[in-house]
Amino acid sequence: MDLSYTPAEQGFRAEARAWLEAHVPKAPLRSFDTAEGAAEHRAWERILQGGGWAMVPWPVEYGGRGANLLQWLIFEEEYYRAGAPRRINQNGIFLLGPTIMEFGTPEQRARFLPKIASSEEVWAQGWSEPNAGSDMAAIQATARIDGDHYVLNGQKTWASRGAFADWLFGLFRTDPASERHKGLTFVLVPLDTQGVTVRPIAQLDGETGFAEVFFDDARVPVANRLGGEHKGWNVAMATAGFERGLMLRSPARFQETARKLVALYRENEASAPGGTREEVVRCWMHAEAYALDTYRTVSRLLGGGKIGFEASLNKIFWSELDVRMHETALRILGHRGDLLPEAPAAQGVGDWLDSYLFSLSGPIYAGTNEIQRNVIAERILGLPRSF
Amino acid sequence: MRFAFTDDQLLLQSTVRDFLKKECTPEAVRALWASQTRHDATLWSKLAELGVCGALLPEAQGGMGLDERDLVLLLEETGRAALPEPVVSTAAVGVPLLRDARNHLDEGEGQALRALRLSDAWLPRVAAGDAIVAVGHPANPFVADAGVADLLLLAHGDEVHALERAAATLTHQPANDPARRLFSVAWTPSAATCIASGDAARRLLDAALDRGALACAAQALGVAEQLLDLAVAYAKQREQFGRAIGSFQALQHKLADVKVKLEYARPVVYKAAHSVATQIATRAVDVSHAKLAATEAASFAARIALQVHGAIGYTWEQDLHLWMRRAWSLERDFGDAPFHLDRVSAFVLADGAPIGPGHTFRQPE
Ligand SMILES: Cc1cc2nc3c(=O)[nH]c(=O)nc-3n(C[C@H](O)[C@H](O)[C@H](O)COP(=O)(O)OP(=O)(O)OC[C@H]3O[C@@H](n4cnc5c(N)ncnc54)[C@H](O)[C@@H]3O)c2cc1C
Chain A
1 MDLSYTPAEQ GFRAEARAWL EAHVPKAPLR SFDTAEGAAE HRAWERILQG
51 GGWAMVPWPV EYGGRGANLL QWLIFEEEYY RAGAPRRINQ NGIFLLGPTI
101 MEFGTPEQRA RFLPKIASSE EVWAQGWSEP NAGSDMAAIQ ATARIDGDHY
151 VLNGQKTWAS RGAFADWLFG LFRTDPASER HKGLTFVLVP LDTQGVTVRP
201 IAQLDGETGF AEVFFDDARV PVANRLGGEH KGWNVAMATA GFERGLMLRS
251 PARFQETARK LVALYRENEA SAPGGTREEV VRCWMHAEAY ALDTYRTVSR
301 LLGGGKIGFE ASLNKIFWSE LDVRMHETAL RILGHRGDLL PEAPAAQGVG
351 DWLDSYLFSL SGPIYAGTNE IQRNVIAERI LGLPRSF
Chain B
1001 MRFAFTDDQL LLQSTVRDFL KKECTPEAVR ALWASQTRHD ATLWSKLAEL
1051 GVCGALLPEA QGGMGLDERD LVLLLEETGR AALPEPVVST AAVGVPLLRD
1101 ARNHLDEGEG QALRALRLSD AWLPRVAAGD AIVAVGHPAN PFVADAGVAD
1151 LLLLAHGDEV HALERAAATL THQPANDPAR RLFSVAWTPS AATCIASGDA
1201 ARRLLDAALD RGALACAAQA LGVAEQLLDL AVAYAKQREQ FGRAIGSFQA
1251 LQHKLADVKV KLEYARPVVY KAAHSVATQI ATRAVDVSHA KLAATEAASF
1301 AARIALQVHG AIGYTWEQDL HLWMRRAWSL ERDFGDAPFH LDRVSAFVLA
1351 DGAPIGPGHT FRQPE
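These protein sequence lines are chains A and B, in that order. When we follow the numbering used here, the leftmost residue of the first sequence carries the number 1, and every step to the right adds one. When we follow the numbering used here, the leftmost residue of the second sequence carries the number 1001, and every step to the right adds one.
Don't take every hint at face value.
Claimed, not checked - Reference excerpt, derived from the structure (chain B facing chain A, CB under 10 Å, subset only):
hint, residue
1, Met1001
2, Phe1003
3, Ser1035
4, Gln1036
5, Leu1230
6, Val1232
7, Arg1243
8, Gly1246
9, Ser1247
10, Phe1248
11, Lys1259
12, Arg1266
13, Tyr1270
14, Leu1341
15, Val1344
Hint data in this document are derived by calculation from the structure and do not stem from the laboratory. Quick reminder that beta carbons are idealized off the backbone N, C-alpha and C, glycines included.
If we strip away everything but chain B, and leave its shape as in the complex, we get:
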């Protein structure tokens, strides 16, 4: 039992943090809002060079051979930077979906072969930053990042299909966060596009949901921390009544509450990452808990950070809303609060639920 990251993990995290601090400034994010694709291909290849895109792939496929315990730290940084690039769609969800699809060889031979060929063809390109994957999951009514994706992985009932973007008709759905790229996708499923069906597909989609929700939770930690940092910095510098507003207890205690919420969401997210990485039986519950805790911390941080800023925080010009909007959208993606609360409730309130002291950790199966 050791609940701590290694120095290597923390080093990779701080490398990504420093990189994004330089490359993904608020000015850069705003510049993307105005662009056609809202995607910066140069930045994306640099992220690939850092290993972010192929983090979850084995080295043989051009990846880093890491698992979710490493990835959450990187995702946290992408949240802190409000990075608009499709890391959740591609690195956290698309890549492992494609990777795992090839393992379902129990399915119809055609599907398995297709999955195998597809992953062999695409995964090294994705890891290298040369291709982007978007995932259409039933938990999300729109497909994030479809417009910049090369490959779409789409659920259709109990099936997973793969098609190139050109084979689908996309309708852009502008959203509250200008950095978001949401699309409705019209397409025609066929035997030739199907890469998994039945149980195999359900397993892939369940795993994709858990990975997506975990990724949102990790990003939300970074978003919450950034919002807190911005609010604290502003509170130290802004003066009213002849003193820094950060000396007013009414604000201090609100900010302290944000810190409490954030720091008690953090270990929940890290545990969920461990559960997903090591396939713990209760990983869905752990992920739901993480998604609730982290996104609620981020939304609360957004609310308090805005209040601390006063009117300046209510302007388009102030950068605060880069993270506020991110906090709001993270709450919705890959299952909203009622959805995740239901999953936790079903576990906790079940007959003979393994709860109480000594039940926090389960051995891997």
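Chain A on its own, in the form it takes in the complex:
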């Protein structure tokens, strides 16, 4: 165990910091869940890719920097430290990309990965359906083979970034006689395909952060299948592992929120309600614990380990920490915490309210925390199934 950075690692940090300081937009971009904001975020991704920083841990041939996961963690720390924009293509870069690397053919890797890295193609994730939420194996949307094409029918919903994305990856039932997780196939669908209709849905904050997607005899080439026919469940589970386990929520994000929370408390110390001081300090400790755990995971992965069911522990921990930090911030702000940014008295309230709303979705998406607790109970602790 050696918890100090090598000169090379320190050099990498310095390089990332210098580049980010020179390039991160000075004014915050508009929300990527609006048309203008989405365009601004795509432009930022082009700059990031131009500097070679878009996908730090990916091989250079796929548009990455060829760095290792530890360097990725360092980069993330610098990224959040610099207050850089959120990543509009997180479905692509953090979820689909690693999945294509594991399950894709050489042609698929060459075709898709560079455009994911550059966010020239922004992705939406199409798993949930009106009747398949937590119970994802209840998926009903179908893909029927017709020559060298699939013909897609049915509906997906809650697809994040769906309103402004170019492509969707999703699970479709290819074997009509199949049940549950058998007979599903992982298919990559251009959203401008004829027969595909995207209908944006306003989220709790009023912006169109996700969408429903309807498929009406939409034809996509069989070559867009990722992994084997009827083998989509395993491919999707790998993606879910990346989502919960490591990539989607790097610790720097929560450490930055914790840092802001400490600053908010210090600014409002005189008026902060009792108990908030301890909460603030505990939130900081939890963010550090999450970072420490991630460093351990990365060390394990670099030593040849794999991410397993323990990803469910992460998902619970970061999502509940995020809610707790925002609740604490709003308690510190008191009545001002209820004001929208345009309110004349909203000075100094920051974007706590907006990000509080977003934090509330953390325990729901990427598999609800109840489902994660089921996974921990059954897969990690070995308890009998609950139903």
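For chain A, the structure is supplied; the task is to place chain B with the ligand on it using the hints.
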């Protein structure tokens, strides 16, 4: 940067685990409760043979030449086994205190010489399992293990004194955990017993506090894991309403929460061990964080494990309380939660505190 243990470290841990599983059974612990000293001299020498007692001593002094990063893994196992022996007092706190006392040669010559002679005389015996050290630290109102100790290291204001047990008057203070040996110690400090004073003594006592709290945190990890294992095993086997109670989600989710708390305390404890071993400037904060996280995980595990067991868990006969009582006492030893929370708060809320992304690790000085 590599946050992982070596195969050798893990091998030593599993050796100690297997050993304690055989030698420190719940029946053995209960037998000790009934004994006069609550100490098993044979078991203690076997632990010394395994290298536990002198883990932190150089090989030249009969030790293993290990540091806190190795020791926490062994302490975790002593927690898992609810071992009643004085490993925290002796191996984790007493030994390094005595070891470091000899390095304070800047102090009065008499003290330094005494420290030197004392450590030369005692440390090899301690490493061999032939002597036990107990430490009276201001953080603890009672001196744990004084009754079985041969040598007492006692704080007195800004001084550290060393005396043989016979030179002090001990009053046993029976405690909630029958395995605990708490004593009030009456003694008379004198120039002849003083081995460090002033800054040197303060440094020794600060280090002793950090080592003691770290050791409690490491034991608490083992205690928490054992409580979770017991609860899970019981939940798989006990049936109600025609099925295993472990299939009820209300219990599953509680047990999952224990697992989350435990697994997010673990890396905090390991980092604190690294900080103490490599003398990182913020080690006191890291230790406090570790003590809070691990002892809270253990107490939470105790609470849930009891609930999962129902009435059988509420009996003296069921072994669960061996670990429940340990969890409770670990919360108090070497600084309780408010004490450690204060230390972390002072760091986090200070002007210009180095917090936020990229500040998790500090280079050694
Ligand atoms: C902001 C946001 C973004 C999202 N983005 C995407 C996306 O990009 N792509 C996508 O496919 N989906 C996305 N989702 C959908 C998300 O994956 C689902 O909401 C989630 O899987 C839960 O499904 P559901 O909403 O149908 O709730 P339900 O499954 O109906 O669950 C309702 C409640 O019942 C509980 N529950 C259900 N089953 C169990 C059980 N077995 N044990 C205990 N409790 C249970 C749940 O935990 C929850 O509390 C997103 C959701 C949100 C909020």
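If you take the shortest Cβ to Cβ gap from B:Lys1259 to chain A, is it below 10 Å?
-> holds, 6 Å
Does the interface hint hold: is B:Phe1003 within less than 10 Å of chain A, judged Cβ to Cβ?
-> It holds, given that the least Cβ distance between B:Phe1003 and chain A is near 4 Å, below 10 Å.
When the nearest CB of chain A is found for B:Arg1266, is that gap smaller than 10 Å?
-> holds, 8 Å
Going by Cβ atoms only, is B:Leu1230 closer than 10 Å to chain A?
-> Cβ of B:Leu1230 sits 12 Å from chain A, so the hint is violated.
Any CB of chain A closer than 10 Å to the CB of B:Gln1036?
-> violated, 41 Å
Using Cβ atoms only, decide whether B:Arg1243 comes closer than 10 Å to chain A, and label the hint accordingly.
-> holds, 7 Å
Classify the hint on B:Val1344 as holds or violated, based on whether any CB of chain A lies nearer than 10 Å to its CB.
-> For B:Val1344, the interface hint holds, since the closest Cβ of chain A sits about 6 Å away, which is under 10 Å.
Closest C-beta approach of B:Tyr1270 to chain A relative to 10 Å, hint status | holds, 7 Å
Does B:Val1232 pass the interface hint, meaning its C-beta sits closer than 10 Å to a C-beta of chain A?
-> Interface hint status for B:Val1232: holds (5 Å vs cutoff 10 Å).
Chain A contact restraint on B:Met1001 - CB to CB distance below 10 Å | holds, 5 Å
Under 10 Å, Cβ to Cβ, is where B:Gly1246 needs to be relative to chain A, so tell me if that hint holds or is violated.
-> holds, 4 Å
Restraint satisfaction for B:Leu1341 [CB to CB of chain A, less than 10 Å] | Interface hint status for B:Leu1341: holds (6 Å vs cutoff 10 Å).
In the structure shown, a violation is registered for the earlier hints numbered 3, 4, 5, in ascending order.
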